[in-house]
Every structure is written in C-alpha cells, then in structure tokens.
Amino acid sequence: MALPAIEAVGLCKRYGARKALDGVSLTVAEGEILALLGPNGAGKTTFLEILEGLRLADEGRARVLGEDPATPRGRRRVQERIGVSLQSTSLFDTLTVAETLELFAALYPRRESAADLMARMGIADRARVRVGELSGGQRQRVVLALALVNRPDLVFLDEPTTGLDPVARRYVWDSIRDIAERGQTIVLTTHYMEEATRLARHVAIMDCGRIVAEGTPEGIVSALGLGVRVRVEAPGLTLAGEAVGVRSAVAGDDGWRIEADRAEPVVEWVFAQAREQGVDIRRLEVERATLEDAFVHLTGRDLA
Amino acid sequence: MKALMALVGANLKLVVRNRQTMVWSLAFPLMLMLLLGLFFGHASGSSTRVAVAGSGPYRAAVAQGLARVPGFSVSNTNPVKAVQEVRSGKADMAVVVGDGRPARLTVWQSGADVAVNGQDALVVRQVAAAVQAALTRTPPLFQITVRTVAGGGGHTYIDFLVPGILAMELMSNGLFSGLALVTYREQGILRRLRVTPMPTLLFLAARILVQLVVMVVQLALTLGVAVALFGYRPAGGAGAAAVAILLGALAFIATGFFVAGVARTADAASAIANLINLPMMFLGGVFFPTSGFGGAFGFLVRLVPLGYLASALRLTLSNGEGFGAVGTDLAVLALTLLLTTGLAARFFRWESRPA
Ligand SMILES: Nc1ncnc2c1ncn2[C@@H]1O[C@H](COP(=O)(O)OP(=O)(O)O)[C@@H](O)[C@H]1O
Ligand SMILES: [Mg+2]
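So the protein lines, in turn, are chains A and B.
Just so we're aligned, residue 0 is where the first sequence starts under numbering that gives the first Met the number 0, counting upward by one.
Just so we're aligned, residue 0 is where the second sequence starts under numbering that gives the first Met the number 0, counting upward by one.
If you are wondering where the hints come from, they were derived from the structure by calculation, not from laboratory data.
It is possible that some hints are incorrect.
What the hints assert, rightly or not - Chain A is faced by these chain B residues, among others (derived, beta-carbon under 7 Å):
1) ALA5
2) VAL7
3) GLN186
4) VAL194
5) THR195
By construction, the Cβ of each residue, glycine as well, lies at the ideal position given by its N, Cα and C atoms.
Can you make the complete structure from the sequences, with help from the hints?
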C-alpha cells in the first residue's frame, strides 16, 4: 500500500487558554478528497496550517507526504510539493493575473505553465488584468491556479467557496473535481454540508478542536443510527397499533411526522391504516438523515 | 537566483505602480529642494536680475559695469519701477544712481535673501569702485581676486543644501519602506509567500534591492536638478560618498523594517515613521547647520544618524574630500546599520497579531 498523503496523530494547539486543537488524529490516503466539515472556530484552519508548516503544534506529530512539516528541512520539502489556498488570501492587487502566476511559479523547483493553468481555470482572457480589478469568483480561480502552480501532489483548500455566489461556487467545484481527476490529493475545509457531500467520499466532522465523526457521508449518518423521517399528508388519518422501529409519531394539521429506524415497516403500516380507514394519501415523503442532522446530533448545535 | 530575479521584478512593478510612493519618494523631495533653493539659495545657475535706474552722468557706466559681472542680467528702468520690481520679485536687486557728487548709489534688495544679499551688494560696491577708478583715471589701489578653497566648507547655501536633501531623501525613503510590508502582512500576502519553499530572507532581500534602486533613481534625479537649475557642481569624493549612501540607505531601510515590525497597521507604521522622520530632519542639519550647537541640543544633534550621513555627503560631494575626512561619519553609519538590522530582525513578523 502506498504511503498516506497525510498522517496526523494527536495534534494539539493552544492559543493562550483556548484549545484550538484538542488531539486531532487523521489519515488521508493518496489521491482522495478529504472534506473537513465544521463551524467557524472548530479548528479547521489551525489543523491545515500545521500541516502546511505555517504553525507549530504544541503536541502530537504529523507526516505530510512522508515529511515532518515541523522541522525546517521537512517544511521546505513539504512546501515544495503542496499547493495551498489559504482561508483569506489577498494577492498583490497591482500585479496582473499572469504576473502573479509567473512570480509564484518562479519560487518552486517544479512548475506548471501559467498559460496552461489560466486556460484550465477559465481565466485566460484575464491574463493581463490586474488582480485588484477581478470579481470575487475570478479572484478565487486565480487563488486556485496559484495552488497548482508547482504541480503539487497534495492540495490544501481552506474554505475555497466561502463568500462566492452559487454560480461561482459551482465553477470552483468543477475545478476541484478536475484537480482530483489528475490524481492530486485534496484536503478542503468547508462549513457547507452540501459541498462536503458533493465533493468528498472522505468526510471528517470537526467541532471544538476535535474530530467528532469520520467516514463517507452515508457512513457517518448510518453509524449514528439517525434513521429516517417519514412525512405523510393524509387529512383524517389516524394511526392505530404499532410498526417495527418507530421512535415517534406526531400528528399535525393534515397528517403525520414519523421518526423511525427504517422506512419500509412505517410505509407498510401507513398504507395498511389508510386502506382500512378509506383515507386518501396525498403525499408520502421519506427523508434520510443528512450530514447536517448528524452534526446537530453530535454537537447539539447547528452547522454554519 | 531565478526566484530572486522574479521577486525583484515583481517588487519593482509593485513600487512603480504605487502612485503614492512614487509621488512621495520622487516628486516631493524635488519640490522641496526647488522651493528651498529658490527661497534661500538663490539659484546660482539662473542670473541675478538687476534693475538699474536713476539719472546723472554715472548711471550708464554703472549699468555697463554691472552687466559685465558674470551672472548678472541688467535692465534699465525708472527709480519707482525698479523698487517695485524688487518688491514683486521681478528683479532681485534695484540699483538707483543719483546725480551730484558724490553720486548717491542706493541698492534695494528683497528681505528674503539674506545669505546672498551680502554677496550681491559687495559686487555692486566693487563695480562702483571700478567705475570710479576708470572715470577718475586713478590707478587701482587694490586688485582683488576671490578664490575658493577646496575643503573649506560649503560655499553657498546650495552646496550646503544638496547633500542634506540627498541624505533626507535616503532617510524618508528608508523609514517609509516598511509600509508596504505592513500592508502585505495585513492582507495575508506574506503568509501566502510563507507557504512556498522560498527562504524567508529572499523576499526581504528582493525588497531591499528594489528599495535601493528607487533610492538611486531618486538621488540621480535630485542631483540632476541641482546641477541643471542651481549650478551645483559635485566636487568629487564619489567613492566615499557611495559608501556613505549605501550604509545610510541600508540603515534607514532596516529602521523602516523595524517600524513595520512594531506597528500593527500601515497607518500606525506611517505615524511612527513620521515621528522619527520629522525630528531627524530638523536635528540632522538638512536645512541649516547644527554642528555648532552645544549643550543639550548639541548632544541631541550628535545622536541623530542623519546628521552623520549629511555631513559625510557634504564633505565628499560638496568639498571633494575622500575617505580620510569621513571616517567617523562612516563608522557611526555602520554602527547604526548594525543596530537597526538587529532591531528589524528581532521584531519582524509574517502575520498580523490577532486583535
Ligand atoms: N493566531 C491565533 N491566535 C489566537 N487564537 C486563534 C488564532 N488562530 C485561531 N485561533 C482560535 O482558535 C480557534 C480555532 O480557529 P480556526 O482554526 O481558525 O477555526 P476554523 O478554521 O475552523 O474556523 C478559534 O477559537 C480561533 O479564535
Ligand atoms: Mg478557518
């Protein structure tokens, strides 16, 4: 088996009395996309920046591409092979897009052509425009292009779509998939549940400096046994008797809201009752628990 | 090497495209010198305009005599207008010749030009004496030759002013060179550079190199203006001057980087730089000599590095001295450089402190 791209063990980081990271262990395999999902202040940025060699952990150790980013030599080697988009990256406003890419390319031993990158990110027509004059979405594509300028093996994207409008966000998602298809490992942070489920098969939920759940999006939800929610719109329906695995059944104005382990017994039960009572079912909806539900369940708080 | 070249290139573009720094580092010192030179220095490249008026047999002879003095341009008018021209600045001096014997010769000068007035008045006296000698056919009792002594100190105000302005430009430019660093730090650009494998020092080295280039352009422009408009003639000492300039420039850039390290925002950095800049400018003897002061003020004056740079430049550029004359100045500048570099390194930060 290939070496993991990232291996973090028991990372802790304190800022004064505040614990930003409280024992984070995580392994990221080569070639996969990991989404770190968590609210503001969860410690996502701190975690990434320790791996990038920007901050030092108080405790624990990390290996990134087989190197230790906490040592000067390891840090340099790591930084040669990673691509980074920081959470809030400003660029030199008075340099053009092409000048910016060429400047950063010159800082690496291995480099990608600026023209190719601009074409890939759909900003070739902006090459001679100063960065300060770009729209938010275009700017973010420059930031992404910058993260690829050294043909990295591993790409860190800290909140790559925060603050973007839905169109720009979709564009960035396409770019991220494009990066993944080239076999580059990606670690991204987000507080959008949708972003994590759409882009990543490997999700880690972070809260208060800890990883509270990890796995595939479906795996996390089913491991928590959050079950399903069935909504029935059928005025006049009463539910008598019982079905297997029902946790709660609440009557509303024109129907029922039922929480249960599995959908099938509940659906059968509802059908049987409706037929018996001669009541029409106008609508029946089965909702699986989402990552968002998982997060609320795990932390007692809303995401975002 | 490729990385350094790219950084230097990018930083040059950043500096040139920043209109504010361009104005402050290039236009402002030139303007200042023009103003000071015109007010106090009497542009020796431009001529002294003399309005001659009056009546009587000697008027024409005096006008002719004055017209032959190098640097004097003479116009003829009537006494009332001549004085008005001085008042309005159209003429630098009015000479009104009366009739009778002895003929009364009145020289009118504007009050603004104390340093030069004495010289001009002396010239008029000499011309009058020459006219008298010629007309009365008395052989001259004295023949006066005026010579300048190399190394004898600044001869005109411009000789004093130009090296001072050069030193001041180096200081201001250096002190404010950290502002961009603070801005880049506040915007997180320094952190972005920090996650590249580029060594820390390379970016600073590029920044310093670019700053030096700007300074050289600035000095060349200033010297050009001084030579073209004020007739300033560098007297030599180029080698020692270059060393003084390099030491001074680096010391002031280091001070600017130190300021960038202790200031939280660009505005704060600007305020601190000004707080250093203004007193140094006055204590450093840029506009008037401060070397003669004693007591507490004299002590303060001797603490100001700018003074040593100005002194070194004056001794070399204006007086033509070499390394021998500026040893102390260079030593003080080198010491300042060492100290400020230490401070800059100690306080340098890649990220802004969280509020
Ligand atoms: N440089 C710092 N100094 C002090 N506290 C910090 C610093 N960086 C982050 N923190 C704190 O650490 C916690 C985690 O922050 P961060 O890693 O930025 O979380 P996230 O990226 O998930 O929003 C937050 O409470 C934040 O306020
Ligand atoms: Mg963050």
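- request: State the violated hints by number, sorted upward, taking the hints as numbered earlier in the document.
  value: 2
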